[in-house]
Amino acid sequence: MEPVVRVENLAARFGGRTIFEHVSFEVRPGEVFIILGGSGSGKSTLLKHVIGLYEPAEGRIEVLGEDIDTLRGEARQALLRRIGVMWQSGALFGSLTLAENIEVPLEQHTALPAEARALVAQAKLGLVGLADAALRLPAEISGGMAKRAGIARAMALDPPILFLDEPSAGLDPITSAGLDALIRQLARELGTTFVVVTHELQSILAIGDRCIMLDKDAKGMIAEGDPRRLREESENPVVRAFFRREVLA
Amino acid sequence: MRWEALREAGPGMSMAGQDARLEARPEGEGLRLVFHGRLEAGAAARLWPEATRRAARARPLILDLAGLTALDTAGAVLLLHLEHLAGEARWAGMPPGPLQAVLDRTRQALAAPPPEPPLPLPWLGLIGQATIERGQGMLAQVAFLGEALVAGLGTIRRPWRLRLSEMLRHLDEAGLRAFGLTLLLGFLIGLILAFQSSIPMRQFGAEVYIPNLVGISLLRELGPLMAAVVLAGRTGSAYAAELGTMVVNEEVDALRIMGIDPVAWLVLPRLLAAMLVMPVLALLMDLAGLLGMAAVMATLGFPPAGVIAQLQSWVQLKDLLGGLFKAAVFGLAIGLVGCRAGLGAGRGPRAVGDAATAAVVGGIVSIVLLDGIFAVLFFRLGL
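Going down the list, the sequences are from chains A and B.
Position one of the first sequence corresponds to residue 1 (this note's numbering), numbered consecutively onward.
Position one of the second sequence corresponds to residue 1 (this note's numbering), numbered consecutively onward.
Simulated from the structure, these hints should not be mistaken for laboratory data.
Predicted model only: the values in this text are computed from it and were never measured.
Backbone N, C-alpha and C define an ideal beta-carbon position, used for all residues, glycine too.
Among these hints, one or two may not hold up.
[Unchecked claim] Among the chain A residues that face chain B by a calculated CB cut under 8 Å, a handful are:
no.: 1; residue: Ser-95
no.: 2; residue: Gln-108
no.: 3; residue: Ala-111
no.: 4; residue: Ala-123
no.: 5; residue: Asp-132
no.: 6; residue: Leu-135
no.: 7; residue: Ala-139
no.: 8; residue: Gly-143
no.: 9; residue: Asp-158
no.: 10; residue: Leu-182
[What the hints assert, rightly or not] Heads up, incomplete: computed chain A residues facing chain B, CB under 10 Å, no partners named:
no.: 11; residue: Ile-51
no.: 12; residue: Gly-94
no.: 13; residue: Val-104
no.: 14; residue: Ala-133
no.: 15; residue: Gln-185
no.: 16; residue: Leu-201
no.: 17; residue: Ala-206
Required output: the full structure, derived from the provided sequences and hints.
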């Protein structure tokens, strides 16, 4: 089966400073793929490269079979409609209610009547447990609720691939576990592919099928594979320290 | 066909919804709606009007999904909406697996009723609410003035607490960086005033009095007023935005928890800077305006020496000093309104924008009101 994301020899540099280089990996359809690493290792930068926000200094990125950096115009828009992104802060539009936030992509990219858009928005909010908050503004909800609403908006068009930037960061354990369960459920039932940037150990082990690990000092990938196996078998001291919550010597 | 493969075909095609079809077959007294193909967002949008129209009249309604090959949330919402419209519906031919999962998941998500929007207030209620809000706003402004006064008195007792470096920064930003704009506006206002007044005054041979008119107007009224508008637009909004951002980032809460009075720490340096800088801006506005007036007078054949002599004979020092005093009070008012708008900012992304708008509008309204009070006061005092 063709990978939904293929990254080949990617390098990211800003102002002559290398964030990472020689990064290569593939994400298979229907899997939950984790990009993990310590603070400042370039996880979110890698995600922004993959979704086409940053141009690679070197290398090539394919998403759903298309080279996202060379696509322009309508072809790029068509590809972007097929991916959903949940931002670290939720990135909800502050002047719109949660329901209206979810209706934005539906209004812009489908011809659904207003009644149908409202029902889809309600269904998406219900899915993330926010049905009763549909009429609230982003300023009136907590950070955890904003993250869940961000996921609901990312799923508005039922994209085959969802990118989540730190979905569990700052959430209480119960909400975080609920979010993990939702991700697993969507991956299992619908075959939705997830690319998740996180450093939350419990989430990584709960949801991740495969992962790559970035390291700030190595300026690139230091591990790839099943996170549970990496925890048990990796010989790399940084990987071991990360999974076992040890202090590096 | 696997669900994954269907999904990868992507909404590029499904948006158009070309391969979905609806067939309506009478069945007894009821109706069977047969869906074929990929019932995704595009198809759901296209089929919505016809399907809802038919379902509303059908008793009973049979929803036949045997021909479905794909279903997304929008499609599931359409099917569930049809079931709701008909009141009674039977399902037939639902393929097991992912399609059933989408339908079940959507049904479950829609199970909780949406929240009811709050009832709109009657017009009398709206007036009452607006009145209460305005009254509370004015009270808060007065309370803030009191807080600033207390903080100012506290700083007189402990002058080392005043952040001089911060005040100098604000003097630079509110003053030095506004010099160019002030000079330009002042010159243009003087020029326009002199030119516009020269037209009627020439009819009476009274051009020689243009310096008197422009000089007194500028020094007593327009100089301080226009300088205040510049300060409200540039600095009042900047104060509100800066302090509003600090509120949103919880920096003001952090100050309070550290036992530091935000009014003394943040507001006083700004207030003093605005109050000190305003007379300078007004003076610059006056001088540039007189220069603009002199330029027009030169084109009318009046030499600079004559214009100066005319000004000296009519314009008195009290006109200038009165204007500069007013300017200092305007500065204080703009600083107060701007800082109050910033510290009173709500939470969320709109808060900073709202605070900046409130600062500019409130600042301009307050200087016009104060100008009116000064006009009456100066008249009573014979100034």
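Consistency of the hints with the structure:
Interface hint status for Ser-95/A: upheld, as the beta-carbon distance to the closest one in chain B is roughly 6 Å, under 8 Å. Here the hint on Gln-108/A is broken, as its CB sits about 11 Å from the closest CB of chain B, past 8 Å. Hint status for Ala-111/A: holds, given a least beta-carbon distance of 4 Å to chain B, under 8 Å. Because the closest C-beta pair between Ala-123/A and chain B is about 4 Å apart, less than 8 Å, the hint holds.
Given hint, Asp-132/A at the interface with chain B, holds; its Cβ is 5 Å from that chain's nearest Cβ, closer than 8 Å. Evaluation of the Leu-135/A hint against chain B yields a held restraint, the C-beta minimum of about 5 Å falling below 8 Å. Interface restraint check: Ala-139/A against chain B, minimum CB-CB distance 3 Å, threshold 8 Å, status holds. At a threshold of 8 Å, the smallest CB-CB gap from Gly-143/A to chain B is about 12 Å, leaving the interface hint violated.
Interface restraint check for Asp-158/A: the shortest CB-CB distance to chain B comes to about 4 Å, inside 8 Å, so the restraint holds. At about 10 Å, the closest approach between the beta carbon of Leu-182/A and any beta carbon in chain B exceeds 8 Å, and the interface hint on this residue is violated. About 16 Å separates the beta-carbon of Ile-51/A from the nearest beta-carbon of chain B, more than 10 Å, and the hint is not met. The interface hint given for Gly-94/A is met, as the beta carbon of that residue sits about 3 Å from the closest beta carbon of chain B, less than 10 Å.
Nearest Cβ of chain B to the Cβ of Val-104/A: about 14 Å, over the 10 Å cut. The hint is violated. Annotation: interface hint on Ala-133/A holds; nearest CB of chain B at approximately 8 Å, less than 10 Å. Below 10 Å, beta-carbon pairs count as interface contacts, and Gln-185/A has one with chain B at about 8 Å; its hint therefore holds. For Leu-201/A, the interface hint is violated, since its Cβ never comes within 10 Å of a Cβ in chain B; the closest pair sits about 28 Å apart.
Violation of the interface hint for Ala-206/A is found here, the shortest Cβ-Cβ separation to chain B being roughly 20 Å, above the 10 Å cut-off.
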